[in-house]
Amino acid sequence: MSAGINTYKTDLREIFFTLFEQFGFGQVAGQAPFDAWGPDEARAVLQETYRFAREVLGPLNSSGDREGCRLENGAVITPKGFKDAWKKLYEQGFKTVAVSPDHGGQGGPIMLQVLIEEILSGANSAFNMYPGLAFGAAELIAECGTPEQKKLYVERMLNGTWGGTMCLTEPHAGSDVGAAKSTARKNADGTYSIRGTKIFISGGDHDLAENVVHLVLARIEGAAPGTKGLSLFIVPKIRVNADGSLAGGNDVSVGSIEHKMGIRASATCVLNFGENDGCVGELVGGVENVGMSQMFKMMNGARIAVGIQGVSLASAAYFNALEYAKDRKQGAHLSKWKDPSAPRVAIIEHPDVRRMLLEMKAHVEGIRALIVKLAMHTDKAQMMAGKDDDQAAYHRGQVELLTPLVKSYASDQAFRLCAQGIQVYGGAGYCQDYPVEQYTRDSKIFSIYEGTNHIQAMDLVGRKMGQAGGANFQQFMADVGGFIEANREHKVYGEAVKQLAAAQEGVMASAMAVLGWSQDPSKMTLIPLSANRFLNMMSELAVGWLLLDAAIIAERVGEKATGDEKAFYEGKKFSALWYARNVLPNVEQAARMMALEDTSSVEISNTAFGSI
Amino acid sequence: MKILVTAKRVEDPESKIKVKPDGSGIVQEGLKYKINPFDEIGVEEGLRLVAKHGGEVVVVSIGGKEVQEQLRHALAMGATRAVWVNHTGPLDQMGVAGLLQKVAEKEKPDLVILGKQAIDDDQNQVGQYLAEFLGWGQATFASKVESLESEQEKNKVPALQMGADNKSVRVVREVDNGLATLECALPAVVTTDLRLNLPRYASLPGIMKAKSKPIEELTPAKLSVDVTPKVQVLKMASPPPRKAGIKVPDVATLVDKLRNEAKVV
Ligand SMILES: Cc1cc2nc3c(=O)[nH]c(=O)nc-3n(C[C@H](O)[C@H](O)[C@H](O)COP(=O)(O)OP(=O)(O)OC[C@H]3O[C@@H](n4cnc5c(N)ncnc54)[C@H](O)[C@@H]3O)c2cc1C
Ligand SMILES: Cc1cc2nc3c(=O)[nH]c(=O)nc-3n(C[C@H](O)[C@H](O)[C@H](O)COP(=O)(O)OP(=O)(O)OC[C@H]3O[C@@H](n4cnc5c(N)ncnc54)[C@H](O)[C@@H]3O)c2cc1C
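So the protein lines, in turn, are chains A and B.
Heads up: the first sequence begins at 1 in our numbering, then just goes up one per residue.
Heads up: the second sequence begins at 1001 in our numbering, then just goes up one per residue.
The hints are simulated quantities; they were obtained by calculation from the structure and are not laboratory data.
A quick note: this is a predicted structure, and the numbers were derived from the prediction, not measured.
Hints are not guaranteed to be accurate.
Straight-line Cα separation of at most 20 Å, SDA-like style, residue types lysine to any residue; simulated pairs [unchecked claim]:
#, chain 1, residue 1, chain 2, residue 2
1, B, Lys1235, B, Gly1023
2, A, Lys181, A, Lys228
3, B, Lys1032, A, Glu55
4, A, Lys88, B, Ser1150
5, B, Lys1222, B, Glu1107
6, B, Lys1154, A, Glu55
7, B, Lys1213, A, Gly38
8, A, Lys88, B, Met1208
9, B, Lys1156, A, Asp84
10, B, Lys1211, A, Asp40
11, A, Lys498, A, Arg581
12, B, Lys1209, A, Gly30
13, B, Lys1032, A, Ala567
14, A, Lys87, B, Ser1203
15, B, Lys1032, A, Gly563
16, B, Lys1018, A, Ala567
17, A, Lys88, B, Glu1153
18, B, Lys1211, A, Gly104
19, B, Lys1032, A, Asp564
20, B, Lys1102, B, Phe1133
21, B, Lys1016, B, Ala1237
22, A, Lys88, B, Lys1156
23, B, Lys1032, A, Asp40
24, A, Lys9, B, Leu1031
25, B, Lys1211, A, Pro101
26, B, Lys1209, A, Asp102
27, A, Lys87, B, Ser1150
28, A, Lys88, B, Glu1151
29, A, Lys88, B, Pro1199
30, B, Lys1018, A, Thr562
31, B, Lys1020, A, Thr562
32, A, Lys83, B, Lys1156
33, A, Lys9, B, Asp1012
34, A, Lys87, B, Glu1151
35, A, Lys326, B, Glu1014
Please model the entire structure based on the sequences and the hints provided.
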């Protein structure tokens, strides 16, 4: 199977707007610890990433999907071209933009990194999983490992010598990670013997790097049940010597690989550890029973990465659908619908197709803005650390609060928007000749892994809302409120801002309702019943706010623009107006539904669902 | 060895180029720019040569402040330093060659590598003029025998082969009926064709290092070159839209038309 043609496209102008004009990259770059960075470097890196994505990763997207991965003699073979792409990716060094120079990185802002990741993932989301997981695992060891572990593993996992995975899931422990049965027995030399089976492990084996380093959650014999008794182990596929040379097999075998709906070029493996009692692991950081909190370091990053995957494919679907809609001729213009001899027009001339496209555009831009905002808070928290504790805490709090929104809203919308991309194409979109059907299949997993979106919603209402005594949530609402106050009478956006204000009231009322339920045992079931809805409302409020913010910035800076630039800024206006008029009213409506306190889905008996 | 490579700023072929209604030039607003792809191939070849033989790649570009972007790109790919000839306003191919001549006389490179042409005006003249002005040998349309999928290419082996003591260069040239090989004494001027190599991407560390690499600013006045154009562009126009093709009933008619109407066979 040969490499195909690239279908990935994006608009760097829009990406530059979000980074520079909306979120003030210039206020972050150039200052400690980001001294070495300026807008020119950021622009050059994004341009070169985009070129790399289109020329190297994009052509392997559909060929990788059709070929899939194979398991041969116990080893995973990735699709044709992946090995070469892996090598090229690490030659470029794009993965280490925000990595500390201590580990061979460039110490850049996360704001830039999230956009680089969007471009790499948009071109080939299945491929990008392999380096993505290696990156996350390396970062975890960099943060939690012993000095020896850092020295041995981190740089090799960041420069492509070794891959990496995260191993949580087991046959009986999916969402319920604490049910994990994998065990660890301490050996005389301080290492641990690992036994157990992990399933659904992304990149669990591959032929891209010389070794794969697994981070495995397991229970040390005698430790407490549940997540509290889990410890985290570094378990390389091939044992390694202290100097980094390979020392031979470590009794980690691939039981099978899954045959999936999407991301088919990403190997999803069943891994058996210690079937022959020969699997050795090192305890991360040398500390027992803190595995879950260590793993959360990787999971927080991975959840944001899943949100990025979401926007990346939604955006790719949008630009492909847009291009197709400008080209495909079908039907006459509405004004001539009665005239059978009227000229056929491009489908972008039809109101409903325009509606679909603007819906995609607005969501993609708003979700991207939410991701860059989250990243900006991460960067600012780092800048303020040790200088201004209150500011640092504020920024860290926003990162915590927005993470479940980014993971869930981006992933839910990605699948829906990709499917809408198919709708724009009509029958052609349903066929493999165009990329949108693959984007749709690939994007479905995003709402499932890294904690299903319901798990995210429960994280939001059960943990994040009440975090810091509710301060993070209140701060977020105060930030939205400040924007509303400043712009309520805006000459162009005043009406839309009022719509935002109504949405904010809806979110506030629903938050109070959730708080009330949590204090009333008879109403406890309303919380999981409403959690997804609440997460969605809050996401729509955030996205509506950021789109209006972008539009008001665009109006100011774009005042004198002409030609394509003028059209670009005008596009920001319509994204915001469309969302304010077509999505924000849903938030009010959702608040009304929350207030109905409907429990029919828990009242209905299992038999009444059907006799299956 | 020292290699001087040009880095012209050209319109990105992915931008939509429109001629101004009055024919005085193209509409520049909203256009994207990049380094001339043939020059990029030149930078790549230069980097491969210095990786093998030691030395440095110096890049040169002529134009307003904005050409620094293309110089930075070449620096990010790995060139050591840059020369910027600050000039705005009209310039013809002889003017360019005259400026490059002075830069070359100042830098004294072993080799000057240029693109065989720039993709904006597709002139294919500067390298030839430059060799003449300098009185050096020239090898245009440098290509190579191996394919762009070959192991040599993957391992970034230079296509230009240096002779003993780095006193000459052997160049495989793409010519109408195949490939021709030339040996030139150094210093020499080489222009690149498309199949010479696949240029590398600027790496992340390369982009970060480029910022602190020096760009020396010169002007036509400092170089004592009169750049008054001898060639004047009077008017630009889009090519006429292509006419619809015709269907021929059989091969005999096709051959007849090719022979008698198109006169190509
Ligand atoms: C392609 C792919 C790649 C993956 N990669 C990895 C990986 O690299 N590493 C890894 O460790 N895992 C990985 N996973 C596993 C993934 O994280 C799990 O599939 C996910 O956590 C859900 O677990 P589950 O599949 O067992 O579903 P279940 O936990 O059985 O969930 C089924 C449904 O029940 C709901 N549910 C479950 N428990 C509750 C509850 N307590 N309250 C309310 N609702 C609940 C869920 O929301 C879901 O809708 C991957 C999975 C896939 C498909
Ligand atoms: C799997 C499959 C099976 C099929 N089976 C059959 C079959 O058995 N028999 C058969 O005859 N056909 C069949 N079709 C064709 C199918 O009915 C068409 O794909 C469908 O009618 C849409 O037409 P289109 O694909 O040309 O899309 P287009 O008509 O090009 O539509 C593209 C987009 O433009 C919109 N659009 C088009 N015109 C207008 C307009 N005037 N106003 C507003 N919006 C407009 C559409 O809503 C759509 O979003 C099949 C297609 C598929 C994919």
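A quick look at each hint next to the structure:
Taking the CA atoms of B/Lys1235 and B/Gly1023, the gap is near 5 Å; set against the 20 Å cutoff, the hint holds. For the suggested pair A/Lys181 and A/Lys228, the alpha carbons sit about 13 Å apart, so the restraint of at most 20 Å is met. Between B/Lys1032 and A/Glu55, the direct Cα distance comes to roughly 18 Å. Compliance with the 20 Å bound is thereby established for this hinted pair. With a C-alpha separation of about 16 Å, the suggested pairing of A/Lys88 with B/Ser1150 holds against the 20 Å cut-off.
Pair hint B/Lys1222 plus B/Glu1107 holds up; C-alpha atoms about 14 Å apart against a cutoff of 20 Å. Distance hint between B/Lys1154 and A/Glu55 is fulfilled; the C-alpha atoms sit about 15 Å from each other, no more than 20 Å. Between B/Lys1213 and A/Gly38 the CA atoms are separated by roughly 15 Å; this keeps the pair inside 20 Å, and the hint holds. This hinted pair checks out: A/Lys88 and B/Met1208 have alpha carbons roughly 18 Å apart, not beyond 20 Å.
Pair hint B/Lys1156 plus A/Asp84 holds up; C-alpha atoms about 14 Å apart against a cutoff of 20 Å. Pair hint B/Lys1211 plus A/Asp40 holds up; C-alpha atoms about 9 Å apart against a cutoff of 20 Å. Taken as a hint, the A/Lys498 and A/Arg581 pair is honoured in the structure, with Cα atoms around 11 Å apart against an allowance of 20 Å. Between the alpha carbons of B/Lys1209 and A/Gly30 the distance comes to roughly 15 Å, so the proposed pair stays at or under 20 Å and holds.
Between B/Lys1032 and A/Ala567 the alpha-carbon distance is near 16 Å, which keeps this suggested pair within the 20 Å criterion. Restraint check: the Cα-Cα separation between A/Lys87 and B/Ser1203 comes to about 13 Å, which is no more than 20 Å; the hinted pair holds. A threshold of 20 Å between alpha carbons decides the hint, and for B/Lys1032 with A/Gly563 the separation of about 14 Å falls inside it, so the pair holds. A threshold of 20 Å between alpha carbons decides the hint, and for B/Lys1018 with A/Ala567 the separation of about 17 Å falls inside it, so the pair holds.
The straight-line distance between the Cα atoms of A/Lys88 and B/Glu1153 is roughly 14 Å, inside the 20 Å bound, and the hint therefore holds. Restraint check for B/Lys1211 and A/Gly104: the C-alpha separation of about 18 Å stays at or below 20 Å, so the hint holds. Taken as a hint, the B/Lys1032 and A/Asp564 pair is honoured in the structure, with Cα atoms around 12 Å apart against an allowance of 20 Å. A C-alpha spacing of about 10 Å is found between B/Lys1102 and B/Phe1133, which places the hinted pair at or below 20 Å, so the restraint holds.
Proximity of B/Lys1016 to B/Ala1237 is assessed by CA-CA distance (about 15 Å); at most 20 Å being required, the pair is judged to hold. The straight-line distance between the Cα atoms of A/Lys88 and B/Lys1156 is roughly 13 Å, inside the 20 Å bound, and the hint therefore holds. A threshold of 20 Å between alpha carbons decides the hint, and for B/Lys1032 with A/Asp40 the separation of about 15 Å falls inside it, so the pair holds. Using a Cα cut-off of 20 Å, the hinted pair A/Lys9 and B/Leu1031 holds, with the two alpha carbons roughly 17 Å apart.
With a C-alpha separation of about 17 Å, the suggested pairing of B/Lys1211 with A/Pro101 holds against the 20 Å cut-off. The hinted pair formed by B/Lys1209 and A/Asp102 meets the criterion: a straight-line CA distance of about 17 Å does not exceed 20 Å. A hinted pair counts as satisfied when its Cα atoms are at most 20 Å apart, and A/Lys87 with B/Ser1150 qualifies at roughly 16 Å. Using a Cα cut-off of 20 Å, the hinted pair A/Lys88 and B/Glu1151 holds, with the two alpha carbons roughly 15 Å apart.
Distance restraint check for A/Lys88 and B/Pro1199: the Cα-Cα separation of roughly 12 Å lies within the 20 Å cut-off, and the hinted pair is therefore satisfied. Pair hint B/Lys1018 plus A/Thr562 holds up; C-alpha atoms about 16 Å apart against a cutoff of 20 Å. About 15 Å separates the Cα atoms of B/Lys1020 and A/Thr562, which keeps this hinted pair within 20 Å; it holds. The straight-line distance between the Cα atoms of A/Lys83 and B/Lys1156 is roughly 18 Å, inside the 20 Å bound, and the hint therefore holds.
For the hint linking A/Lys9 to B/Asp1012, the alpha-carbon distance of about 16 Å falls within 20 Å, and the restraint holds. Between A/Lys87 and B/Glu1151 the CA atoms are separated by roughly 15 Å; this keeps the pair inside 20 Å, and the hint holds. Distance hint between A/Lys326 and B/Glu1014 is fulfilled; the C-alpha atoms sit about 17 Å from each other, no more than 20 Å.
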